[in-house]
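Q: Chains A and B are the protein sequences, given in the same order. Note that the working numbering has the first sequence beginning at 1, numbered continuously upward. Note that the working numbering has the second sequence beginning at 1001, numbered continuously upward.
Derived from the structure by calculation, the hints contain no laboratory data. Fair warning: there could be bad hints in the mix.
Stated by the list, open to error - Covered stretches of chain A, as calculated for chain B (at least 3 residues, CB under 8 Å):
#, segment
1, 88-98
2, 213-225
3, 228-234
4, 240-249
Using N, Cα and C, we set each Cβ at its ideal position, and we do this for glycine too.
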Amino acid sequence: MFDAAFLRKLEHLRLVSARAFAGRDRADRLTDKRGRGLEFADHRQYAPGDDIRHIDWKAYKRLNRLLLRLFDEEQDLPVYLFLDASRSMAGDGKFDQARRIAASLCYIGLVHFDRVTILPFRNGLAREIAPGRGRGRIFQVFDTLAAMEADGGTDLGQSIRQFASRTFRRGLAIVLSDFFDTSGVEAGLKMLSSLGHDLLVVQVFSPRECDVDVLGEVRFVDAESGEHIDLDVTPGVARAYREAWVRHAEAIEAFCRRYRVPYLRASAADPFEEIVLRTFREGGFIE
Amino acid sequence: MTFGALAAWQAWLLVLGAGLAAWWLFRMKVRPPRLAVPSLLLWRRVLDDRSAPSWWDRVRRAVSLAVTVLVAASLGMAVARPAPRAATGTEGRLLIVLDASWSMRARTADGQTRWARAVAGARALAQAAGGDVALATTADGLVEGPTADSALIATALDRLEPSGGEAAAWPRVEGVAVTHFFTDGALLRPVEPGTIVHSVFSPAPNIAINAFSARPGTSSAAGPSAYLEIANYADEPQRVHVTVTRAATVIVDRWMDLGPAGVAHEVLPLDATGGGTLRARVSAEANALDVDDEAVAWLAGGDPISVAVVTPEPDAWSSLFAGDPTVRASVVSPSGYEGAAADVFIFDRWAPTNAPGRPALYLAPPAVGWLARPVESEVTPAWGTSDWHPILEGVDPFTLDIARAWRYEGPSLQPVAESARGTPLVSLLEAPDARGVLVAFSPAESNLTSAQAFPVLVGNVLDWLARPAAGDPRAPGPVDLPASTTRVTSPDGASVPLVRAGDRVLATLRAPGLYLVEAGGARSVIGVNIGNPAIANLSRTTLEPDVAAARVPAGVHRAWWFYLAGLAFVLVAAEWWTWQRRITV
Chain A
1 MFDAAFLRKL EHLRLVSARA FAGRDRADRL TDKRGRGLEF ADHRQYAPGD DIRHIDWKAY
61 KRLNRLLLRL FDEEQDLPVY LFLDASRSMA GDGKFDQARR IAASLCYIGL VHFDRVTILP
121 FRNGLAREIA PGRGRGRIFQ VFDTLAAMEA DGGTDLGQSI RQFASRTFRR GLAIVLSDFF
181 DTSGVEAGLK MLSSLGHDLL VVQVFSPREC DVDVLGEVRF VDAESGEHID LDVTPGVARA
241 YREAWVRHAE AIEAFCRRYR VPYLRASAAD PFEEIVLRTF REGGFIE
Chain B
1001 MTFGALAAWQ AWLLVLGAGL AAWWLFRMKV RPPRLAVPSL LLWRRVLDDR SAPSWWDRVR
1061 RAVSLAVTVL VAASLGMAVA RPAPRAATGT EGRLLIVLDA SWSMRARTAD GQTRWARAVA
1121 GARALAQAAG GDVALATTAD GLVEGPTADS ALIATALDRL EPSGGEAAAW PRVEGVAVTH
1181 FFTDGALLRP VEPGTIVHSV FSPAPNIAIN AFSARPGTSS AAGPSAYLEI ANYADEPQRV
1241 HVTVTRAATV IVDRWMDLGP AGVAHEVLPL DATGGGTLRA RVSAEANALD VDDEAVAWLA
1301 GGDPISVAVV TPEPDAWSSL FAGDPTVRAS VVSPSGYEGA AADVFIFDRW APTNAPGRPA
1361 LYLAPPAVGW LARPVESEVT PAWGTSDWHP ILEGVDPFTL DIARAWRYEG PSLQPVAESA
1421 RGTPLVSLLE APDARGVLVA FSPAESNLTS AQAFPVLVGN VLDWLARPAA GDPRAPGPVD
1481 LPASTTRVTS PDGASVPLVR AGDRVLATLR APGLYLVEAG GARSVIGVNI GNPAIANLSR
1541 TTLEPDVAAA RVPAGVHRAW WFYLAGLAFV LVAAEWWTWQ RRITV
């Protein structure tokens, strides 16, 4: 899976990201986030010429003095990759695509952001992959991702709750999933956002699941639960399914738009490097 | 509607059962193929949206169910073989009689034969009949039925052929409500009152041999000859090709012109020898009937017979057959009998210990168990009464001086001439395996060999023994044969059924040609010719002008079951085509 061709493309992404991020120091990027992602250190007396955005107005109200808030500059930005490893991802190359994207983002992150954590989830959080610092750890990531299997059900909400119960610094959360969650995905995404993380949603899909290429009496079997339904697939039914899938994807996109969460749809048939570049654009890392 | 294969209630029960079975199978869910999908989330939404079938789904389902049931019902109905009730005027038993005269083989202007038209009309009637149907012909009488199974009638119609029977009686069937008679009216035939007559007549030109016979020569000056009569039953003059053969030799091969309704007669001189079988053939362009284009005749004496005389006095017999070209004689002593072979034997005062297997003349034979034994004698018997018999034809008994005659007793002897005191003088032996004439007096005790009656008697005896059934060719029909007849072979090699009635044997010679008659080891030939102007003249009919022409359904006439099966096939094909396109379920 992570063969020589993949590594060449990965190197190309690194060069692209290097050009995109050059001239923008971490602080610029950090301060763009309006305080989110920065740690408060101390107060000092306001002096004329200081940035009035950092005046602590609560302290002024309390003490009747103008005080300036001082911050510690962040050395790194945590990136959390939530990777859907449920059985619904298993078919048609979706899981492979998601793993490639996760590996690519992890590598880029190790190059630029230093700290990336891959969080596989199913009915709950699975064992995380935290390679530490340095891009030399990437092959460890590759091995772990290659050995991972798509199995079990999907419960994004439960997984986020488990994530929330742990102590994680606020950072960038990228959710890679097909979002076939019977419990609903909005609650989980909202929770993730409310935790203070910058959220980016990548819906992975396969061209086959958007359409129906079979007609007649068919027994559809759920890959995760094993349940089945019998249906007489007519052209009308096939059309209804296609429309249902589009509504499903648009619903997620509309939710993300409403909460100003960057969203992109990634086909398993598309080259993963293009998806990664789109991720950079959606994430605001490149113009 | 009627059903040919089942009773009405059975047929409807079958149709109903087939429909119910089709409905049940349609309702049964067939295990569909499995398809694994990432999630049923979206499919459940689709299902929820479509929880109530649209009217179009209902229509599709209803149409599919209706077509399936219709296919099953069509097949069930086809098995039951329905047929429409006919307007035959009655529900009772129907008798269909076909005229099997030879003229029915005539080809009409449209290329069909009259017989084919009659069969087509009979078939339509039989299929449309509401009750039992009986089928008969004027030649064979009742051939099928009465039966409600139209298939049996159809099969019988397929195998029947016109085979003469002009003289046959009208067929009688019990309980017939209506009779239909298909005929061309060539022969005037009385029919039962109330019979519905259907005409298949249409005029046609024809060339026919009306007469053909052969006569042996009566003297050295008047040799054998053949008589031939040919007629042209056409409105136009015709050029006719005539051939006459004797055995393998062509004796006539020429063309002649005959005017419309013209008749040609000809007497053909024949050689004394050359075979007995004569055939005449004619052909012309406008010739609708084939059975009268060939005729046969048998020239008695045309084939010499071999005679072996077994006698202790050969000299007395040596000159008897000299000069008779119709006899090849050999004279042997009793010691030379074992190696003798002949068509007829003459045993003079001797008889073999076993029957000779050939017809024989016995002159005062000694006692042998298989033949007869002399029990007493009559001295100087006077010729008394005698029944007429061909062997006594021309025999003057007053030229015979008999010193002693013996009374023979035997199981199969039939006296044809007796003395005044009742002693059988000439007896016939006629049993299925033996044929003979026994003369009760010997040449030694009479003037037999020197009497004028002797050669006549011997000649008659040879004719009777060797040619048990001879004579001019006759028309098809029944023939009376000697009681010793064991077999009659038709021209096509089949055995003709024999009916024994007392001392007679009856056979019906139906087809034209030469028949071989075997009787007691003797063989002879009977010729049968059509030769009947009433049959050959295809331009006339005895039917009244108001007799309706037989209605023959146009086009291909098939039973309903055929169309029902075709409908089922078409529906299956249509259902498959629409199912492939998800138009039906």
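Q: Indicate, hint by hint, whether the structure satisfies it.
A: Evaluated hints:
Here's how the segment 88-98 of chain A fares: 5 of its residues keep a CB closer than 8 Å to some CB of chain B, so the rule of at least three is met and the hint holds. With 12 residues carrying a beta carbon less than 8 Å from a beta carbon of chain B, the segment 213-225 of chain A meets the three-residue requirement, and the given coverage holds. Coverage of a stretch by a chain is defined here by at least three residues with a beta carbon nearer than 8 Å to that chain's beta carbons; for the segment 228-234 of chain A and chain B the count is 6, and the condition holds. With 5 residues bearing a CB less than 8 Å from a CB of chain B, the segment 240-249 of chain A meets the requirement of three and the coverage assertion stands.
Consistency with the previously given hints is maintained throughout, with no hint failing.
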